[in-house]
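S.K.: Chains as they are written, first to last, in my numbering: chain E, 47 to 535; chain F, 47 to 535; chain L, 47 to 535; chain B, 47 to 535.
Because the hints were derived from the structure by calculation, they are not lab data.
Check before you lean on any hint, since a few could be wrong.
Which copy is meant is left open, because identical chains are indistinguishable; a pair holds if it fits in one copy or across any two.
Calculated lysine to aspartate or glutamate pairs in the EDC-like style (CA-CA distance at most 16 Å, straight line) [stated by the list, open to error]: (1) K493 / E284; (2) K430 / E152; (3) K301 / E183; (4) K376 / E353; (5) K408 / E391; (6) K304 / E284; (7) K408 / D434; (8) K433 / E393; (9) K297 / E216; (10) K433 / D275; (11) K386 / D499; (12) K255 / E473; (13) K386 / E122; (14) K408 / E439; (15) K297 / E474; (16) K163 / D458; (17) K163 / D299; (18) K133 / E391.
There are 4 protein chains.
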Amino acid sequence: MFLNSPMQADFNQEDQGLHEECGVFGVYSQDGALDPAYSCYNALLAIQHRGQESCGIAVNNNGLISYHKDMGLVSEVFRPRMLESLKGQIGIGHVRYSNEKDNVRENAQPLMMRYVKGALALSYNGTLTNAHELKHELQRRGSIFQTTMDPEIISYLIARERRKTPSIEEAVLQVMPQLRGAYSMLIMSPQKLIAVRDPHGFRPLCIGKVEQSYVVASESCALDAVGADFVRDIEPGEVVVFDRNGLRSLKADTKVQKSSCIFEYIYFARTDSVIDGVSVYAARKESGRLLARQHPVEADMVIGVPESGIDAAIGFSEESGIPYEKGIVKNGYIGRTFIKPTQSERERSVRIKLNALSHAVKGKRVVLLDDSIVRGTTSARIVKMLKDAGAAEVHLRISSPPFLWPCYYGTDIPSRDNLVACKHTIEEIAGITGADSLGFLELDSLKDIIHSDGTGFCDACFSGNYPAEIPEHLLTGQSDRYCQPLEHL
Amino acid sequence: MFLNSPMQADFNQEDQGLHEECGVFGVYSQDGALDPAYSCYNALLAIQHRGQESCGIAVNNNGLISYHKDMGLVSEVFRPRMLESLKGQIGIGHVRYSNEKDNVRENAQPLMMRYVKGALALSYNGTLTNAHELKHELQRRGSIFQTTMDPEIISYLIARERRKTPSIEEAVLQVMPQLRGAYSMLIMSPQKLIAVRDPHGFRPLCIGKVEQSYVVASESCALDAVGADFVRDIEPGEVVVFDRNGLRSLKADTKVQKSSCIFEYIYFARTDSVIDGVSVYAARKESGRLLARQHPVEADMVIGVPESGIDAAIGFSEESGIPYEKGIVKNGYIGRTFIKPTQSERERSVRIKLNALSHAVKGKRVVLLDDSIVRGTTSARIVKMLKDAGAAEVHLRISSPPFLWPCYYGTDIPSRDNLVACKHTIEEIAGITGADSLGFLELDSLKDIIHSDGTGFCDACFSGNYPAEIPEHLLTGQSDRYCQPLEHL
Amino acid sequence: MFLNSPMQADFNQEDQGLHEECGVFGVYSQDGALDPAYSCYNALLAIQHRGQESCGIAVNNNGLISYHKDMGLVSEVFRPRMLESLKGQIGIGHVRYSNEKDNVRENAQPLMMRYVKGALALSYNGTLTNAHELKHELQRRGSIFQTTMDPEIISYLIARERRKTPSIEEAVLQVMPQLRGAYSMLIMSPQKLIAVRDPHGFRPLCIGKVEQSYVVASESCALDAVGADFVRDIEPGEVVVFDRNGLRSLKADTKVQKSSCIFEYIYFARTDSVIDGVSVYAARKESGRLLARQHPVEADMVIGVPESGIDAAIGFSEESGIPYEKGIVKNGYIGRTFIKPTQSERERSVRIKLNALSHAVKGKRVVLLDDSIVRGTTSARIVKMLKDAGAAEVHLRISSPPFLWPCYYGTDIPSRDNLVACKHTIEEIAGITGADSLGFLELDSLKDIIHSDGTGFCDACFSGNYPAEIPEHLLTGQSDRYCQPLEHL
Amino acid sequence: MFLNSPMQADFNQEDQGLHEECGVFGVYSQDGALDPAYSCYNALLAIQHRGQESCGIAVNNNGLISYHKDMGLVSEVFRPRMLESLKGQIGIGHVRYSNEKDNVRENAQPLMMRYVKGALALSYNGTLTNAHELKHELQRRGSIFQTTMDPEIISYLIARERRKTPSIEEAVLQVMPQLRGAYSMLIMSPQKLIAVRDPHGFRPLCIGKVEQSYVVASESCALDAVGADFVRDIEPGEVVVFDRNGLRSLKADTKVQKSSCIFEYIYFARTDSVIDGVSVYAARKESGRLLARQHPVEADMVIGVPESGIDAAIGFSEESGIPYEKGIVKNGYIGRTFIKPTQSERERSVRIKLNALSHAVKGKRVVLLDDSIVRGTTSARIVKMLKDAGAAEVHLRISSPPFLWPCYYGTDIPSRDNLVACKHTIEEIAGITGADSLGFLELDSLKDIIHSDGTGFCDACFSGNYPAEIPEHLLTGQSDRYCQPLEHL
């Protein structure tokens, strides 16, 4: 209705999902139970969903650090001879998501650098809210920057503090109070592996173990991939050092409330991961169950938008007693290089990435579970596809509250101008999407899906309740970009 | 127990699934409603599951035929400039599966050839059981062969018959009685598109329509991908000609019983396809329902091995009332180039391609649905993974009968020596897989999943009841190979 | 003057040189003195100047033939692992030149084929003048064609004759009388290597030996590259068979006069090759000496257009006593993928591929030796470049007579419309090129540069005196093309 | 004799030539007479001989800097769309040579960096002798290093000085006194192009002009490639600023004697370049003439080892009256990826890269001109090749004095242990090479080939007379390496 052609808007904005920055993985294997390079490879495959733009692996090697990194998927970047060549006892890996402007080879991680005490490699997941101020101050003192990544800033701060401290971990502890925002990171020297989670614990980070070898990962599914047993989550503000003496835990001197990202459960994380003691799959099923109670509807079947919507649909089905069905199939062969249809082909090519199971939905009243609504255009496409496939009714249930606020801690949410919930009532959104009814998860219920007392997590994108400061320069729109490599031409 | 180390056998035999040869797609668009190249591209993405080794697209072009084909996935082989350059009104595409020995660039299709009447392109899905005899006879008359593909043989036969017939379709009709075995194929001349399905109708082939433009596809999901409406399946023994006069149906002079491959429903086809009037999804759900009746069990949850096992699990859950859960997650980022773990890493890397949802299955009695058991090693790995993840019991239910016989019509089944069901009782197989109980779908029930009266389909791999002759040379082991290109080094 | 802007015409017609089709190399090494794959690799590098579009190597391998071939230079197509994998006692290789329309992967050689008696590989250099008739006749009998290469035709003829003859070499002898035109080719079966030179001996072919191993090559410089000693040239109409009994010579039953291509000496061959007993370098120097006598001029220095012009310049200098100098430098880094300047950049970029040595030529009267004039535009560019660099006078001397006739035996000469000598007097050509004087080698002198009595060579492109029939279809412009692969997009 | 198998030593040390680091090119085109990207492309092709490992181009772009750089040749790294995308008025380019350990993508130039005043790009040719000390001091102050390149050090120094100076060029002038060693470099900001040549003027750098646009290049042959007129060489210690006000010359406050590298004339530079007023071709011919006087010999012909040996041979021929001939042919198709022969193939493959013109040298007394002798093994191979080809005598004449000392200013000379002249008399070297006589250019004659009074150039590698300090750490063998990327696996 008031959105003239949602299908076209959708195509112009093809990749409109919500994204987070990166996944990290580290190994410390003194007993040789794990090969660092092969372990990183398998683990990065397991967390590839956290970033598909670039990836890399670094291992220690007789006092030096050997590495390989490049643009592309893990399966594209690494070949057998590389893994064979990357020999060592310690290793870190990285998969990177990036928005378009930073999607360049220079930003591939691990970041490799040499400072006064030797070589370091850094793998980083997060967003500093005071990056601009820190960078400006460093430049004022004569620093130069060759990338646009936060870990380059952190490297300078570590290099500066390291001159005054007896160890790299001490330097890290001195640096942490200077940092604002979200960061889960791994630092590797030729002798040590250091894992750091920011005081708010925005991004996940957990420890696993195989015999006497340790691994650290953004998500526990990576532990499974290397055959490691889950040990524990790293705590907000904690610094864990792995060296020849085993594992040591240090704590940064910060007094902030834990506020881990609730959206990890709703969308980012893999369904088989467990974060801070809560199963992602269980949280998603619970959101479906809550929706069945909050927004019940008479229907013939419950279906989910792959992948996260499926988990919520199973929960909704269990709670409501309406049978769960597979109603939408996702094509796993649509790669990063998908050739978009021309204008004249667009209308016909709605069923390429997702296809409705016409046989199943025809003539049926369908409850459709999805994880979120951003612009509304994707939901509109899916509802239309189901109705074209013969669905009698489509009742849309969203396993999160409406998006209302930008995220300053790493989630790539569009500006408020583009958030459909900022400009429209829920009823209007139902109209825009074409759904026969629409229900969002209530804001208050977020705590229930992770069995929280209402504290310990960040829901700012829904509530506007920011647990950490908002960066000044983001409000004023200043940029730190300086150069524009030509990649992929 | 008697299989010493099933895990290792599994890794030595990494790709042990059952495979079929190829998918085809064609367009005839006189009214310009479809762009042949873009349509082929989107359709081939939709049937990419039928073959990932090579792919190609050919379009007519002012009396000539333009094409591009190569080794690799559709998303790897085609770039925007190619699609732009492939202009025409008619197009055919192909995705190819091949066993190792034929996995060479020369065998990529469509096959392009010139004969006395001009140029032809062929896309082919099938296996001739008398290929060896036909080839030998052709060579005896002076023919040379540059590939190891059946369509090269068919091209010669068409070229020979075409000299005596007034049209290409007449020549095809003359050739069909000479062919034995399975073939669904598309033949494109600069003026016509001809679709052919063998008299047994082993492989699927269906027609769709967009305005006045026609498409033909191996599976109906490809019709959805180009926005076409389903018209009908091509009948066994039917030759459909698309030209400026529209669509014309001819019938080969053969009197054989239809015997379409039952395994298309069980495994090959995409769940959202409808073949010969039967929904693949419905057939799979029905097999799950039947299993629940034939092999009931007390349990806490039903889960499926992705992807086809999930559909059967939903059916089993519905019939049994045991809740459906997601118990296994499949990693979609494991590509064709996955680097296998070294011997020392193998034991630990069982949870890379598939991972158990430990949180869900821990302490639970699980019914596990899978589509088939070949060697038994994959099933053993999955059962072990679930038990390692804490499952209290694992009851394996297979949505097909035991594999006992080789397939001569295109399915790449290992020799009887490697089929676990040829050497072991069901009880023994349960032991080999480690399952607490094991149930196969009864042979008699196959007809029920496709609502048949017991005729019209081929179940030879389960029953040994071959609807068409068995090729002599396959029994004697002669080979037509002659040269060995070095690819991928 | 009358050609308004020769510089622009030149750029529109960037690649305007004269070309020949292909180079071949073969090894028969029963004693293992040579590794077939490595020998082919080194030899193909040595004859790469004969063709840069595609290349390939095939070796025998336990009754089969293994091969690798692709578009690109030898250094681009082969990697160490390939050479290691290509194990055998017999091998043939190929480098291919092609004009634009046939520049496709399918045409890469060796051609691999299987016929009634087993597998064959063919490497071919030549042009059949009756290809069209042969192809048409074969198609009429039911043959299909998958390439546009002559060796595919020859393969059919061999396959047909082989049914009636006791050996492959007997079949070749039966085929030869059916062929018209130029062909030097190598045929490899898993047991034999057969070398064939057409009765006119248009293209060169010679034999070398290392211990008890034999090699055959288009040019003797390839013998040097593998450390082989020159044995002898293969005679026109000769068929040489290499098998376990050593070397055997057969002779086709044809009675034609030898007429080897004179242009091999002037342009095609590498200066260090010796063809039919005559050194290419010596022939070029002699042409320079003759020019010094036929078109003497007062000047300060003699320079040559790299590469063949340099040899002639040395001869001119010796005969005239005018000092030889390096006056033009060629940039060896301009590859096949050179990015052409935009229209606005063209005038300035004349000195990229060739540069004048300003310091040497400034103020000097220069004699400039080049091998030929086709359109005149390249000569005009070079003369202008020298004058811009300060040359006081430029006297152009061409080491061949004016091009007046098309070549039907493999040399890619433009149509008469584009041959400057067909439309202009020598005086006018001098004006077009901007040279202060111009002299061509006299037609009568051709025999002198190869010390001939005036017979035994073909100079049809200069004289119009064709030693073999002119193909009918070339005059009428019919084409055998049928499909258009999209490469390099 | 005492060197048991020089051929083998040679192959183990395949790439034993002398190398220099890099070539630079810059454009400032306010009037648009030159397109910066296309000009850089053509110019880099012209100076590709100065470095083949990596290359890059950066252009200014609305206050930012756009760039592309990668490992590989200019013809491999750049594609048309890139040049089209690199739009601006200012541009700099770089081709890089590197010894094995630094041959990594991170070191590709131009170096891109952002500092307090904005963005800079640097292209650099040289070697700082105090790099180690500068780096150590910068690290002590908290700097981090991401490459192993000198320009990263210089960037820090500029960033530090720039805080106290009103302009980038002032900062450069403050930095220069801190630098020791050789450096010719270009610095580009979004507004300016700055060219700097070190006070000794070790490496060349010259200015050209097209209409109102300026270019700067390592060698004048790059000026020819873009159609620019030579303006002048940049003087040692000079800083030239190109901005909207035109060209401005500043002078660093250093008082050292000019000492440009004599080896540029002997080996590095392209023969058509003119450096500091002296033609490279003329210098080489002069060295040949001097050798003819210093080491006369009776012979039948003079030949040269391509390329630089040819120029000297022409000079030797002129002076001695012995005819110049082409005696050795170089294969231009041997690329960077040449597959080396196996041990068993080595002896036979001596004539791959270079081949003797047997026909010309057979039975002749040959004077062979080459530019230098390092280990002696290459010379031994060439002499042996000529004798194998039938040369009666080979008299080796070297157009430089014996190498006796390491170079600290950029030339990649092996350690003294590997320099044959450090351990053997000239007579012994003649024996090692197999030459019938051997003559080196006299040390005193170096001044004559560039018409110098004996000052103004550096001949330390021959004389041990170092014009600038020798770096301490090079003597002690400390390394700045820290990480080892895996490239090219």
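S.K.: The structure should be examined with respect to each hint, and the outcome stated for every one.
M.R.: Right, here's what the structure says about each hint:
In the homo-oligomer, the alpha carbons of K493 and E284 never lie at most 16 Å apart, since the shortest distance is 24 Å inside one protomer and 62 Å across protomers. With identical chains, the CA atoms of K430 and E152 are never at most 16 Å apart, being 42 Å at best within one copy and 43 Å at best between copies. Taking CA atoms no more than 16 Å apart as the test, K301 paired with E183 passes in neither setting, with 25 Å inside one copy and 37 Å between copies. For a Cα distance limit of 16 Å, the shortest separation of K376 from E353 qualifies both inside one copy, at 9 Å, and across copies, at 11 Å.
With identical chains, the CA atoms of K408 and E391 are never at most 16 Å apart, being 25 Å at best within one copy and 48 Å at best between copies. In this assembly of identical chains, K304 and E284 lie within 16 Å of each other by CA distance solely inside one copy; the values are 12 Å within and 59 Å between copies. Within a single copy, K408 and D434 get their C-alpha atoms as close as 9 Å, which meets the 16 Å cut-off; across copies the closest is 41 Å, which misses it. Taking the shortest Cα distances, K433 and E393 sit within 16 Å of each other inside one copy (15 Å), while across copies they are farther apart (47 Å).
Only within a single protomer do K297 and E216 lie at most 16 Å apart by alpha-carbon distance; the minimum there is 10 Å, versus 47 Å between protomers. When the C-alpha separation of K433 and D275 is checked against a cutoff of 16 Å, the pair qualifies only between copies, where the shortest distance is 15 Å, while the shortest distance within a copy is 46 Å. In this homomeric assembly, K386 and D499 never come within 16 Å of each other (Cα to Cα): the closest approach is 46 Å inside a single copy and 45 Å across copies. In this homomeric assembly, K255 and E473 never come within 16 Å of each other (Cα to Cα): the closest approach is 50 Å inside a single copy and 37 Å across copies.
Taking the closest pair of Cα atoms, K386 and E122 come within 16 Å of each other only across two copies (14 Å); inside a single copy the shortest separation is 22 Å, beyond that limit. With identical chains, the CA atoms of K408 and E439 are at most 16 Å apart within one copy only, with a shortest distance of 10 Å there and 37 Å across copies. Taking the shortest alpha-carbon separations for K297 and E474, neither the intra-copy value of 48 Å nor the inter-copy value of 55 Å comes in at or below 16 Å. For the identical chains of this complex, K163 and D458 are neighbours neither inside a copy (36 Å) nor across copies (29 Å), given an alpha-carbon limit of 16 Å.
For the identical chains of this complex, K163 and D299 are neighbours neither inside a copy (24 Å) nor across copies (35 Å), given an alpha-carbon limit of 16 Å. Within a single copy, K133 and E391 get their C-alpha atoms only as close as 50 Å, which misses the 16 Å cut-off; across copies the closest is 14 Å, which meets it.
Checked against the numbered hints given earlier, this structure breaks hints 1, 2, 3, 5, 11, 12, 15, 16 and 17; the rest are met.
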